[in-house]
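*Asks:* Let's have the full structure, built from the sequences with the hints guiding it.
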Amino acid sequence: MKIVFRLFSYLKKYSRRAAAAYICLLFSTVLGLALPWLIKEVIDRALAGEQGNFLLIAALAVVVISVAKAAFSLGQGYLNESLAQGIAFDLRNILYDRIQRLSFAFHDRARTGDLMSRCTSDVDSVRLFFHMGLMNGANTTLTFLSVSTVLLTLNWRLALVSLILIPILGVRAIMVAKQLRSLFMTVQRQFARMSAVLQENIAGVRVVRAFAREEHEIEKFGRESGRFMDDMMAAVRQWSFNFPFMSFIVSVASALVLWYGGHEVVDGRLTVGGLVAFNGYLVMLAWPVRTLGWVMNLAARASSSGERLLDILDAKSEVQEAPDARHLPRVRGNLRFESVSFGYDPQHLILRDVSFEAHPGQMVALVGRTGSGKSSLVSLIPRFYDPIAGRITIDGVDISKVTLSSLRKQIGIVLQETFLFSATARENLTYGLEGASQAAMEEAARAAHAHDFIVQLPQGYDTLVGERGIMLSGGQRQRIAIARTLLLDPPILILDDSTSSVDMETEYLIQEALRRLMRDRTTLVIAQRLTTVKRADSILVIEDGQIVEQGTHEELMAHGRAYPEIYDLHLKGQEEAAALQTGLV
Numbered sequence: 013m014k015i016v017f018r019l020f021s022y023l024k025k026y027s028r029r030a031a032a033a034y035i036c037l038l039f040s041t042v043l044g045l046a047l048p049w050l051i052k053e054v055i056d057r058a059l060a061g062e063q064g065n066f067l068l069i070a071a072l073a074v075v076v077i078s079v080a081k082a083a084f085s086l087g088q089g090y091l092n093e094s095l096a097q098g099i100a101f102d103l104r105n106i107l108y109d110r111i112q113r114l115s116f117a118f119h120d121r122a123r124t125g126d127l128m129s130r131c132t133s134d135v136d137s138v139r140l141f142f143h144m145g146l147m148n149g150a151n152t153t154l155t156f157l158s159v160s161t162v163l164l165t166l167n168w169r170l171a172l173v174s175l176i177l178i179p180i181l182g183v184r185a186i187m188v189a190k191q192l193r194s195l196f197m198t199v200q201r202q203f204a205r206m207s208a209v210l211q212e213n214i215a216g217v218r219v220v221r222a223f224a225r226e227e228h229e230i231e232k233f234g235r236e237s238g239r240f241m242d243d244m245m246a247a248v249r250q251w252s253f254n255f256p257f258m259s260f261i262v263s264v265a266s267a268l269v270l271w272y273g274g275h276e277v278v279d280g281r282l283t284v285g286g287l288v289a290f291n292g293y294l295v296m297l298a299w300p301v302r303t304l305g306w307v308m309n310l311a312a313r314a315s316s317s318g319e320r321l322l323d324i325l326d327a328k329s330e331v332q333e334a335p336d337a338r339h340l341p342r343v344r345g346n347l348r349f350e351s352v353s354f355g356y357d358p359q360h361l362i363l364r365d366v367s368f369e370a371h372p373g374q375m376v377a378l379v380g381r382t383g384s385g386k387s388s389l390v391s392l393i394p395r396f397y398d399p400i401a402g403r404i405t406i407d408g409v410d411i412s413k414v415t416l417s418s419l420r421k422q423i424g425i426v427l428q429e430t431f432l433f434s435a436t437a438r439e440n441l442t443y444g445l446e447g448a449s450q451a452a453m454e455e456a457a458r459a460a461h462a463h464d465f466i467v468q469l470p471q472g473y474d475t476l477v478g479e480r481g482i483m484l485s486g487g488q489r490q491r492i493a494i495a496r497t498l499l500l501d502p503p504i505l506i507l508d509d510s511t512s513s514v515d516m517e518t519e520y521l522i523q524e525a526l527r528r529l530m531r532d533r534t535t536l537v538i539a540q541r542l543t544t545v546k547r548a549d550s551i552l553v554i555e556d557g558q559i560v561e562q563g564t565h566e567e568l569m570a571h572g573r574a575y576p577e578i579y580d581l582h583l584k585g586q587e588e589a590a591a592l593q594t595g596l597v
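So for the sequence shown, this note's numbering puts the first residue at 13; every next one is plus one.
Keep in mind the hints are simulated off the structure, nothing from the lab.
Any given hint might turn out to be false.
[Stated by the list, open to error] In silico SDA-like pairs for lysine to any residue, Cα to Cα no more than 20 Å straight-line:
1. K421 / V331
2. K546 / E567
3. K25 / L175
4. K421 / K328
5. K328 / G355
[To be verified] FRET-style restraints, in silico, Cβ to Cβ:
6. S418 / L476: 31 to 37 Å
7. G234 / V162: 34 to 40 Å
8. V76 / V16: 46 to 52 Å
9. H571 / D326: 49 to 55 Å
We treat Cβ as the ideally placed atom computed from N, Cα and C, and that holds for glycine.
*Replies:* Structure, rendered in structure tokens:
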């Protein structure tokens with residue numbers, strides 16, 4: 013119930029709408045109470061031989077009351093659906109906002125399919141509770157209290173007989189709710205696993221086709237889908253039994269009314285009209301009581317889904333802005349690492365006591381074997397993660413003391429795995445600088461050697477590039493990413509310069525674009541090409557998370573230990589291949 017009450021906090025924004033909906037429910041219920049009473053009066057007066065206009069007036073009253081009740085029911089339904097949709101809208105947006113702001117560490121652990129299921133299926137379970145569960149619960153409570161009051165007024169003995177079974181329904185509803193909450197938590201988790209398999213398969217469809225693993229993936233999805241169906245059926249069996257059980261209890265109550273009520277009529281303590289009205293009121297009570305199990309079902313689903321939603325809303329980002337964080341104005345780009353240590357797990361450090369400096373106009377190349385910590389090092393500069401020890405400064409300002417937004421606007425990142433949105437070339441180019449002029453955008457595209465191929469696309473800059481930029485080649489995607497960063501004009505640049513997957517002409521164009529991009533900027537390059545390493549003003553050789561050597565290519569080749577080994581293993585072959593291609597060998 014703590015979770016359900018927490019979800020109620022999202023109702024405050026729509027308090028007027030909720031009040032109007034419940035006022036409609038109140039009037040609808042009150043008008044419904046009048047109908048059996050009118051029928052009672054008609055029967056009793058007719059049996060007493062009364063004549064006159066009462067029967068006509070009563071008939072007209074039934075019509076008027078029915079129309080008014082229908083109008084209030086319509087208002088209740090519309091307002092309640094509007095309320096539920098509003099809460100779902102807010103929840104989706106709050107979740108999306110939270111997911112956007114959580115640190116990389118959270119996304120390292122989370123699965124895309126699971127996050128999608130929380131933003132869709134779990135939000136919809138909460139919506140259903142506010143739309144149908146909450147209103148039906150209120151309707152059940154209001155109907156039970158009002159009908160019980162009328163029944164006690166008609167004949168308190170018969171009322172006690174008919175209501176004696178109600179506590180059984182209440183106890184049963186509570187028991188079922190507890191069981192269903194656990195079952196639906198299992199259902200939602202399995203739905204998330206199934207969604208994750210689906211999302212992963214769709215994202216990797218080309219790999220699946222390339223390795224002819226369609227049957228394996230079909231079997232894997234079928235297995236997860238089967239588990240979801242089994243878990244769902246376990247929950248369905250539980251609440252499906254509950255509905256006929258509730259109906260049986262109500263039928264027993266009706267039988268008791270007919271048996272005991274008949275004796276009351278014979279003994280003169282109840283009129284025939286009163287017995288008919290009594291049964292009518294019991295029928296009014298039957299439907300809300302029968303739906304009590306369904307309400308408990310919706311509450312259980314909302315509770316389990318709410319817990320999963322609150323897991324995200326309450327998640328703490330490992331990277332936090334300081335309470336007094338200040339805006340970082342445009343910087344020159346003097347970057348300094350001071351005894352920085354870092355690990356995704358504090359018990360297992362990836363970087364140890366790293367210290368170095370990089371200045372405007374300088375290119376620093378990071379070289380080292382896979383897993384040495386190069387990518388982790390550059391991820392600390394925009395504060396995707398925070399160091400465990402030491403500090404990083406830009407122009408002497410500790411980056412942990414400034415706002416994340418102002419810090420990241422100072423840094424441009426171009427990585428090997430270029431990501432483009434499913435939008436137009438224009439929208440991808442201007443993603444970091446909304447409202448950029450056409451002239452500025454084209455200037456950045458020309459500098460990145462992207463303008464010529466963009467204007468040849470079917471709609472030029474307004475051409476959709478497909479999901480992840482699938483309509484473009486790898487080199488074209490990378491050049492758009494470079495142009496996007498050029499347009500942002502950041503003083504600090506982080507690059508992964510690997511171009512091994514593109515042809516020589518494209519590589520040359522990309523390298524030319526990168527040279528323009530790096531001009532007058534502080535640049536850190538995860539170097540994987542010999543040409544980049546040789547052009548670097550300083551090379552940092554990283555082994556096991558530590559800088560073991562530092563210097564230029566010539567200095568390290570002459571006096572280094574680790575760098576010549578890396579050169580022989582990874583870079584020398586590039587030099588020989590280049591020599592062959594130019595006809596020098």
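*Asks:* Quickly compare the C-alpha distance for K25 and L175 to 20 Å and report which way the hint goes.
*Replies:* 38 Å, violated
*Asks:* Can you confirm whether the C-alpha distance between K328 and G355 stays at or below 20 Å?
*Replies:* 18 Å, holds
*Asks:* For the pair supplied as a hint, K421 and V331, is the alpha-carbon distance within the 20 Å limit?
*Replies:* Holds, at roughly 17 Å.
*Asks:* Has the hinted range 34 to 40 Å been met by the Cβ atoms of G234 and V162?
*Replies:* 55 Å, violated
*Asks:* Starting from the range 49 to 55 Å, see whether the pair H571 and D326 falls in it by beta-carbon distance.
*Replies:* 54 Å, holds
*Asks:* Under the criterion that the straight-line Cα-Cα distance not exceed 20 Å, is the pair K421, K328 satisfied?
*Replies:* 23 Å, violated
*Asks:* Is 46 to 52 Å a correct range for the gap between the Cβ atoms of V76 and V16?
*Replies:* 39 Å, violated
*Asks:* Are the Cα positions of K546 and E567 separated by 20 Å at most?
*Replies:* Between K546 and E567 the Cα gap is close to 11 Å, so the pair holds against 20 Å.
*Asks:* Range first: 31 to 37 Å. Now tell me if the beta carbons of S418 and L476 are that far apart.
*Replies:* 32 Å, holds
In terms of the numbered hints stated before, the structure departs from hints 3, 4, 7, 8, listed from lowest to highest.
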